[in-house]
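*Asks:* All chains should be built: construct the whole structure from the sequences, respecting the hints.
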Amino acid sequence: MSATASNTSRMMTSPGDMFTLENPVFCCYLFWSTVLVVKMLLMSLLTAVQRFRYKIFPNQEDLFFKNLEVQFDDPHVERVRRAHRNDMENILPYFIMSLIYISTNPNADVACILFRVASVARIIHTLVYAVYPVPQPSRILAFATMLLITFYMAAVVALRTLSFI
Amino acid sequence: MSATASNTSRMMTSPGDMFTLENPVFCCYLFWSTVLVVKMLLMSLLTAVQRFRYKIFPNQEDLFFKNLEVQFDDPHVERVRRAHRNDMENILPYFIMSLIYISTNPNADVACILFRVASVARIIHTLVYAVYPVPQPSRILAFATMLLITFYMAAVVALRTLSFI
Amino acid sequence: MSATASNTSRMMTSPGDMFTLENPVFCCYLFWSTVLVVKMLLMSLLTAVQRFRYKIFPNQEDLFFKNLEVQFDDPHVERVRRAHRNDMENILPYFIMSLIYISTNPNADVACILFRVASVARIIHTLVYAVYPVPQPSRILAFATMLLITFYMAAVVALRTLSFI
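Protein chains in written order, with the working numbering: chain A, 1 to 165; chain B, 1 to 165; chain C, 1 to 165.
Hints were generated in silico from the structure; no laboratory data involved.
In this text, all values refer to a predicted model and were calculated from it rather than measured experimentally.
Treat the hints with care, as some may be off.
Any copy will do: because identical chains look the same in the list, a pair fits if it lies in one copy or spans two.
What the hints assert, rightly or not - With a Cα cut of at most 25 Å, we get these calculated DMTMM-like pairs of lysine to aspartate or glutamate:
#1 K66 / E22
#2 K55 / D17
#3 K39 / E61
#4 K55 / E78
#5 K55 / D74
#6 K39 / D74
#7 K55 / E22
*Replies:* Structure (structure tokens):
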């Protein structure tokens, strides 16, 4: 796969066709970004599961059971919500950063490995944060992996476009 | 409109020109994404309206009236903030998912209907959550509509790019 | 820089090559969006700094020091978190809005100035909110600057694509 990818990448001479299915780097971005979008949306459903399991609802109109009051500070629900917020803080900027990184026509092998590692790291982050909490530094390492990859892509793009400051 | 859209779509043979104003699917994405961006930004202003109406401010430097303390738990302000957070959790991943879905050259009629339905559903979500709360399941249905559409697009993109895992 | 940018822009006749490094407007977007991505990610690290400085941790597994309890309402940590959330509410929609605004082939000078002003305004917003709080209306002005620029881009894109409603 990687060999094919970098061969195809070398064949492309026009700088205008980065965001097409003919670019294997873009296809790899498509697949792994889709995985991360689905992972993020599943956090909403995981929050809903916790809310029904512990009967914790934040709005008057959500009180599906008798004798309930709105409640906001349940640790099981809030843990999932913190993990979800952390996703938004990190994955959403990564989506934009990795998308525009593709426009710099990076080495296909490097780019695809970055996409795969960053995505798998965030899946691990969710598992050790929201699904089955484990001792640190597991979550810090998973968090740092995507963060450092995003910083690397930022450095590549910024150096390439520095004259447009 | 739909007939024109799918005709134009069929005429495009090059896979490299998806993200241009000549692609009616991209134009439809542009229009409805713009509507959703404006809707999201209006949530900030709606929060500000609630803060001034109920004189609830979270920072020392925001206390524009005498004898006020910072306050965080007003139900009117928090309801708008929950709706706003729900927008970020769902609409921001949708922006990326629907944008990259366009690169798979979907049927123009299907794609445009998905964009329209998802966007209108989220406008309804805001109305029944933050503007005028109504009993469930109105909000759940509006929420599920965009969620299912995003999952559908994710399935299309993932199946198309599965070999780049 | 500006003169070169608009010359290059005028030379481009094909509408399909907006999202390439040959388009100076896209390059300017790349640079300033990268700056904003890095700025947003630094908010996570600033939150971490505040958490360690004041020993405020939200999860049981994060209690790196003896005799600590999880805690959620420290004003120093919460101020940075509010600034970070405000970034997500405003910068993430701006990323999408300004990206799709490029597809309308805007005047290069206007577009580049909008990118620069919006980005610098948000850096100021962070400084006066999370780093060194100063009296209003400094934060409101910084906030309003990117908001109005995003609304302007939304108006341009919506008017161009209104027939695809």
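*Asks:* Take the hints in turn and mark each one as holding or not.
*Replies:* Right, here's what the structure says about each hint:
Taking the closest pair of Cα atoms, K66 and E22 never come within 25 Å of each other, the shortest separation being 57 Å inside a single copy and 55 Å across copies. In this assembly of identical chains, the alpha carbons of K55 and D17 never lie at most 25 Å apart, being 51 Å within a copy and 50 Å across copies at closest. Taking CA atoms no more than 25 Å apart as the test, K39 paired with E61 passes between copies only; the shortest distance there is 23 Å, against 27 Å inside one copy. When the C-alpha separation of K55 and E78 is checked against a cutoff of 25 Å, the pair qualifies both within a copy, at 13 Å, and between copies, at 20 Å.
When the C-alpha separation of K55 and D74 is checked against a cutoff of 25 Å, the pair qualifies both within a copy, at 10 Å, and between copies, at 22 Å. In this homomeric assembly, K39 and D74 come within 25 Å of each other (Cα to Cα) only inside a single copy, at 23 Å, whereas the closest approach across copies is 30 Å. In this assembly of identical chains, the alpha carbons of K55 and E22 never lie at most 25 Å apart, being 49 Å within a copy and 51 Å across copies at closest.
Going through the hint list in order, the structure does not satisfy hints 1, 2, 7.
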